[in-house]
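Two chains, each in its own frame: build the complex with the hints.
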Amino acid sequence: MFGLSRGDAVLWLFVLLLVLAAPILLNPFPESSALAQFNAGYPDLMQRFLIFGIFAVGFNILFGLTGYLSFGHAAFLGAGSYAGVWMLKLLTINVLPAIIISTLVAGLFSLLIGYISLRRSGIYFSILTLAFAQMSFALAASVLTPITGGETGLQTALNDPRIFDAANTTGNIPAPSLFGMTMGDSHQVAVGDWLWTFNVGYYLCAFVMMIAFYIAIRIFRSPFGMMLKAIKSNNERLSYTGINPRPYTLAAFVISGMYAGLAGGLMVAMDPLAGAERMQWTASGEVVLMTILGGVGTLIGPVFGAGLIKYFENIFSKINESLLQTWFSFLPDGVSDFVVTVIYPFVGKGWHLTLGLVFMLVVIFLPGGLVGGINGLYKRIFNKSNQAN
Amino acid sequence: MSIEKNLDKLQLSRRTVLKAGAAGMAAGAAPMIIPSTAHAHMNEPTGSSVTLGFNVPQSGPYADEGADELRAYELAVEHLNGGGDGGMMGTFSSKALQGDGILGRKVEYVTGDTQTKPDAARASARSMIEKDGAVMITGGSSSGVAVAVQALCQEAGIIFMAGLTHSNDTTGKDKKANGFRHFFNSYMSGAALAPILAANYGTDRTAYHLTADYNWGYTTEEAVRTSTEAIGWKTAAAVKTPLSQTDFSSYIAPVQASGADVLVLNHYGANMVNSLTSAVQFGLRNAQANGKNFEIVVPLYSRLMAKGAGENVKGIFGSTNWHWSLSDEGSKAFVKSFGTKYGFPPSQAAHTCYVQTLLYADACQRAGSHNPCAVAEALEGFEFDGLGNGPTLYRAEDHQCFKDVLVVKGKENPDNEFDLLEIVEVTPAAQVTYDASIFGGDLGTCNAG
Numbered sequence: 001m002f003g004l005s006r007g008d009a010v011l012w013l014f015v016l017l018l019v020l021a022a023p024i025l026l027n028p029f030p031e032s033s034a035l036a037q038f039n040a041g042y043p044d045l046m047q048r049f050l051i052f053g054i055f056a057v058g059f060n061i062l063f064g065l066t067g068y069l070s071f072g073h074a075a076f077l078g079a080g081s082y083a084g085v086w087m088l089k090l091l092t093i094n095v096l097p098a099i100i101i102s103t104l105v106a107g108l109f110s111l112l113i114g115y116i117s118l119r120r121s122g123i124y125f126s127i128l129t130l131a132f133a134q135m136s137f138a139l140a141a142s143v144l145t146p147i148t149g150g151e152t153g154l155q156t157a158l159n160d161p162r163i164f165d166a167a168n169t170t171g172n173i174p175a176p177s178l179f180g181m182t183m184g185d186s187h188q189v190a191v192g193d194w195l196w197t198f199n200v201g202y203y204l205c206a207f208v209m210m211i212a213f214y215i216a217i218r219i220f221r222s223p224f225g226m227m228l229k230a231i232k233s234n235n236e237r238l239s240y241t242g243i244n245p246r247p248y249t250l251a252a253f254v255i256s257g258m259y260a261g262l263a264g265g266l267m268v269a270m271d272p273l274a275g276a277e278r279m280q281w282t283a284s285g286e287v288v289l290m291t292i293l294g295g296v297g298t299l300i301g302p303v304f305g306a307g308l309i310k311y312f313e314n315i316f317s318k319i320n321e322s323l324l325q326t327w328f329s330f331l332p333d334g335v336s337d338f339v340v341t342v343i344y345p346f347v348g349k350g351w352h353l354t355l356g357l358v359f360m361l362v363v364i365f366l367p368g369g370l371v372g373g374i375n376g377l378y379k380r381i382f383n384k385s386n387q388a389n
Numbered sequence: 390m391s392i393e394k395n396l397d398k399l400q401l402s403r404r405t406v407l408k409a410g411a412a413g414m415a416a417g418a419a420p421m422i423i424p425s426t427a428h429a430h431m432n433e434p435t436g437s438s439v440t441l442g443f444n445v446p447q448s449g450p451y452a453d454e455g456a457d458e459l460r461a462y463e464l465a466v467e468h469l470n471g472g473g474d475g476g477m478m479g480t481f482s483s484k485a486l487q488g489d490g491i492l493g494r495k496v497e498y499v500t501g502d503t504q505t506k507p508d509a510a511r512a513s514a515r516s517m518i519e520k521d522g523a524v525m526i527t528g529g530s531s532s533g534v535a536v537a538v539q540a541l542c543q544e545a546g547i548i549f550m551a552g553l554t555h556s557n558d559t560t561g562k563d564k565k566a567n568g569f570r571h572f573f574n575s576y577m578s579g580a581a582l583a584p585i586l587a588a589n590y591g592t593d594r595t596a597y598h599l600t601a602d603y604n605w606g607y608t609t610e611e612a613v614r615t616s617t618e619a620i621g622w623k624t625a626a627a628v629k630t631p632l633s634q635t636d637f638s639s640y641i642a643p644v645q646a647s648g649a650d651v652l653v654l655n656h657y658g659a660n661m662v663n664s665l666t667s668a669v670q671f672g673l674r675n676a677q678a679n680g681k682n683f684e685i686v687v688p689l690y691s692r693l694m695a696k697g698a699g700e701n702v703k704g705i706f707g708s709t710n711w712h713w714s715l716s717d718e719g720s721k722a723f724v725k726s727f728g729t730k731y732g733f734p735p736s737q738a739a740h741t742c743y744v745q746t747l748l749y750a751d752a753c754q755r756a757g758s759h760n761p762c763a764v765a766e767a768l769e770g771f772e773f774d775g776l777g778n779g780p781t782l783y784r785a786e787d788h789q790c791f792k793d794v795l796v797v798k799g800k801e802n803p804d805n806e807f808d809l810l811e812i813v814e815v816t817p818a819a820q821v822t823y824d825a826s827i828f829g830g831d832l833g834t835c836n837a838g
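If you're matching them up, the sequences are chains V and F in order. Oh and the first sequence: position 22 is 22 in the numbering used here, straight run, nothing missing. Just add 389 to wherever you are in the second sequence, counting from 1, and you've got the numbering used here.
A few of these clues could be false.
Stated by the list, open to error - DSSO-like, lysine-lysine: derived pairs with alpha carbons at most 27 Å apart:
#, chain 1, residue 1, chain 2, residue 2
1, F, Lys800, F, Lys681
2, F, Lys495, F, Lys484
3, F, Lys681, F, Lys629
4, F, Lys696, V, Lys349
5, F, Lys623, F, Lys703
6, F, Lys696, F, Lys721
7, F, Lys730, F, Lys495
8, F, Lys721, V, Lys349
9, V, Lys89, F, Lys562
The set of hints was computed from the structure by calculation and includes no laboratory data.
Just chain F, with the same shape it has in the complex (with noise of 0.2 Å):
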């Protein structure tokens, strides 16, 4: 029936009227079914924009680190886009990038909050890929979220590059097709510390660690048990403490009588600061145990803790994936940038997301597209320089980067209040690396959604 008919005829009743009207309209806005099978991968970009998920943590013990990761990328997204300095792109190996944002299309980003909780933070990817559109999702400063988030962009056809995760699992028994880390990890931050606490505080030592209790510290405490025992250390006892701790003087009133003479802190952000702080005020620092000085050890350290312990950390022995007084034209150029737009030196939860994010669009920049399984391929087996630790690859069994490993010691005269790490030893790759098969796990197939 058209409208014409209708005013040939002249029957304007009020029913044809509405009739017609409908009719029209439905011609006018045709519902468009899309079948998810029209699109090449999932959220494939269309319009003038691609869309990248920030999801870190903005609330919880690790909201310190969860901030510092939020104003890397947006530095990240402002050098992508052509604005600012351009930052680490002039210093990156590979030219792709133009800063003319990835592929032609401005880089845009939503954010979420993980609340450093699993559950929180696969509702807040869902929904930066279900209501967003997100073609990526990075970020996240706990292995526990990492592995949980992991799993859902493998299960719905997205990229995830890992943020700050340190735990083996997470390019170990739990790694993914669709996730990559640029971050170390738990096996080599022993096998980087191991030598050096050997050099200082011998190889007849016994330790006696707290570990926080979800995998991240497991595998720490592994890592750091294996590779001290293997310098002659014996371990006394190994306790765990929830994540949700924030008074550790229950946990510390036992150390000095369990017959250790070194505390192993397997504790990050808010927890190390507390505990450590406890075992200050127990006094430990000042023991004596066997005969030796009572020593602590934090195997992973970052600035934002050092500044948060204050005082106590100087003299104690850790390990990091990079720290801004690094001297190689890459950290150089990142902590000028990144200087002159925040006022202060980035943290090295800072510099994994920049470096990931950089990383993700020269994948895509180099495969010609967003698809998962062609920037995957692009990733697989990448050497690259220029991003601050030296010449790295992203090895292609495991999607985890090998590059050098940063010990350092809490400074005993900073000269300032960014200052508060030295760096002791920059530990070749070649010492850290490991054979891709000892923690299990499977890959698996990529995933385009």
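Bound conformation, chain V alone (with noise of 0.2 Å):
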């Protein structure tokens, strides 16, 4: 299917299957029940497992392929969404021409930080992007002020040019919209108690990541691909049979930053606000540490990766201390004390920490990843019926 083999074609098909019904996976536990709290099937989270998945894809094109580790990702993204929001500000609230732009934006920019950093090699080369990435956030922050807002972040305006719309007259900033289509339009299904958020711009998000996805398997399995995979094998080996492997990292570096690029006009489109904290290394540290999770160099590995990353920042984070009280409330009082002071420093703001559990037992007990545990684990249960058979 579309010059995909059929191993290929199920996993995208699969992908899309989950994605499209995600509104109503991601809301297990009805709305009345203490359980809602868990519950992650709200647009802005939703819309943050896609954008975070694009984000990682592209990591895991350059990190997963060639083996090299960038530690300024991060730049890219805050660099698409500066782009975005100036685009949303200058020429229309259409969503449109700041995604397309921003990806072209983060692709240049990515050109010039690549064509230098690839120059080294290993962690040299982690230690360049990382350089590159801090000055872009220390410039955003504060020299580029005026292009960038500082700290107070880039927002839209209610007298902004936007030279392709028509006079604003409502007396309120525009929503960022698809041709009329307003990105946090939502309708709402209740199926008994479950409640079903049906968002326009998540579904606008899906189908991005959709194409996202789409290139990137074409790219896993094409000839550049497997000179990619050359590359992170044997680097040296490659040089000496006659090929500059330069040119290929660069364009993977170019590609995983356009991706980066895409998934920073995607979070402006749904959210006109772009901050200088989006270019800071613990950014650029979070999209190493989804690749990771999920599964360097798998396909899809990335995407669970985010969405657990994403996961634990937006629904662990919120747990705070008279809610585990009313969770524990029904045992005796000095075991619920104690049960809630046992439990109150893994969530709420020590979510990192339990995240940072987790990470150790993946990386520990499953060093391919998510993603690698359950091929593992397909295989051991395959091979097992095999043998019984």
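Given below as structure tokens:
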């Protein structure tokens, strides 16, 4: 199908199904139950799952295929975000130009940084990209304040020119839209005690994500992708055969930079604000975590990794002490206080701690990431049933 | 096709039973599509409770303020639901609140961490609106965050009751119809401080500004600069420092060589604690410049900062929105119930957040609705008293409160660990009132989602 092998087509369709049904799948708990706290099926988080999924899939094209570990990919996400907000301010509130331009801007930016950084490999490459990203962050946060809004962030305003749009008479800043469909619009469907939210912005993200995922599969399976894998397995041997690996790595770097820019553009299309902290090194580290958690070099792994981290960040961080107390109020007084004291450091603002533990467990017991683990499990069951036969 | 029919004919093949079952299930749990127009406004409360969103910094340089804000919110919710001693509800000039929640609905709340980053704050606010159905968002301890979240609430059709935000922008160039601020601003600090500085340090001074590099820092620097230059001071230099900075020694080192004899620290929270400590370590407080004693000024002061900076704050002037040692009935009632619950007096951040929650609840009660447009109408031009700062006006033109401003000084001989600031002067509201149009910006129209 569309030049995909059977297995890849099944994978793509499987992801498509998951993504389409996500508003239902991510809200497994009834609204009135205490477990509704763990529902993730609301537009903001679902959009984030997909946007960071795109970011991580793109990062994986560089890291998973060539083995070049970039510690500065957030710079491209940030550059894309700023470009996107400027398009929403200058051209039109329609998100299409914003998404396209942010991808291109991030592509150019990554060409510049990649051209310099790729003169080195290994740890030196990582440090170079990290340095560039921190420079970009510092520039965005202070020196370039007129362009980036500094630490206040860049937002749309009532008196923006928006040259392609009709004069705005509503008295409110227009919301980002795609040919009249507002990104924030949702249809809610209530079935029994379940409430599902189908959001316009989410399905735009889904559409873009499925295209991005398709392109990623094609890159993985192409001769170009094979060349990138060759670079990962033995760069020197490749050089000795007379092939100059640098154009290939640079191409991979730019492609993954464009994925990051696309993610940045989608982010501002969903919520038209760009802050400098999007470029900070912690944001660059986050995408590395996502990729490793999900499975380096696997197609779908980074998407799962992104989902897991965003879930922790948005759901676990919101469990506060009083909520814990209501949950454990059925226990005797002293016991419930004790349980709450034990659990509290791992939720709320301590969500990093839980994530750290999960990360450690994954790295120790599932070196191939979540997807590697699932594959291993699948093979085990398959082999066992084979033996039984 | 009905089940009965099939049973009558006794054609109970597996297929028909399955079909009938599916039809029955579909009839029993028919999906109900709720178009967005079904509600009068965004997140209209329908059950027996109403959810408020408390979005405060739980990490980052303003985490201390955020923790105190959260305490105040919890106290306010307790009082609104009729618990505790009622706090300021007894002294508030409006008597609409009954202690039975808001409009008879029990008040519940969700919390989030702004991390003092506009991006993270908006993500947290969005999840409160979309997931938890919050009908109002409040909190924050940074103007960067306040401006970002205010714009989000405007777009989503939710009321935003700003927490601690001191930049002119919040109700100036970035003001929004759905946003309201009780806290004072940079302009008022400058206007209140200048006469005191002139009286204490003279009119022939040269100031050196260190400014936090975001919108609050800019407007504070500008306000202090304008008002001190009006009394005859000169400005030697103004240097911007990153919000995430923790070591200010490289910024303090050039101050003495600049020819300045006053250092103005446009810093807040942990930033101010670190920069002031650094300035003291460099011996600035004992230094002489231009034949005068070197002085330090902190335009926006708080007790939490004074506590963090310890000994170093003694004798340093600044302005504050509210202080627990005020002796009016409202302040006393608030300090009493806060102290009873937590064991120490509240900060100005706690005060403004508590008051904002009561003001919102009261406005809903008077408007008879949670509709942002109705609430905004009830708040606009609202005059009240008994909430700690004397008679106060919520100005309709920019949604800014106008009330007395306190000029304070680090106490030389504190009696206890909370008694760190002494009130030098209570500047009357009239002296700090300005024309609503001077900062530009446009409120727009209220948005009910």
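Hint check results:
1. At most 27 Å may separate the alpha-carbon atoms for a hinted pair to count; Lys800/F and Lys681/F meet this at roughly 22 Å.
2. Of the pairs offered as hints, the one joining Lys495/F and Lys484/F holds, with about 18 Å between alpha carbons and a cut-off of 27 Å not exceeded.
3. Proposed proximity of Lys681/F and Lys629/F is supported: the alpha carbons are some 26 Å apart, at most 27 Å.
4. Taking the CA atoms of Lys696/F and Lys349/V, the gap is near 24 Å; set against the 27 Å cutoff, the hint holds.
5. About 25 Å separates the Cα atoms of Lys623/F and Lys703/F, which keeps this hinted pair within 27 Å; it holds.
6. Between Lys696/F and Lys721/F the alpha-carbon distance is near 21 Å, which keeps this suggested pair within the 27 Å criterion.
7. Among the hinted pairs, Lys730/F with Lys495/F is consistent with the structure: their alpha-carbon atoms are about 21 Å apart, no more than 27 Å.
8. A C-alpha spacing of about 33 Å is found between Lys721/F and Lys349/V, which places the hinted pair above 27 Å, so the restraint is violated.
9. Of the pairs offered as hints, the one joining Lys89/V and Lys562/F holds, with about 17 Å between alpha carbons and a cut-off of 27 Å not exceeded.
When the structure is compared with the earlier hints, a violation turns up for hint 8 alone.
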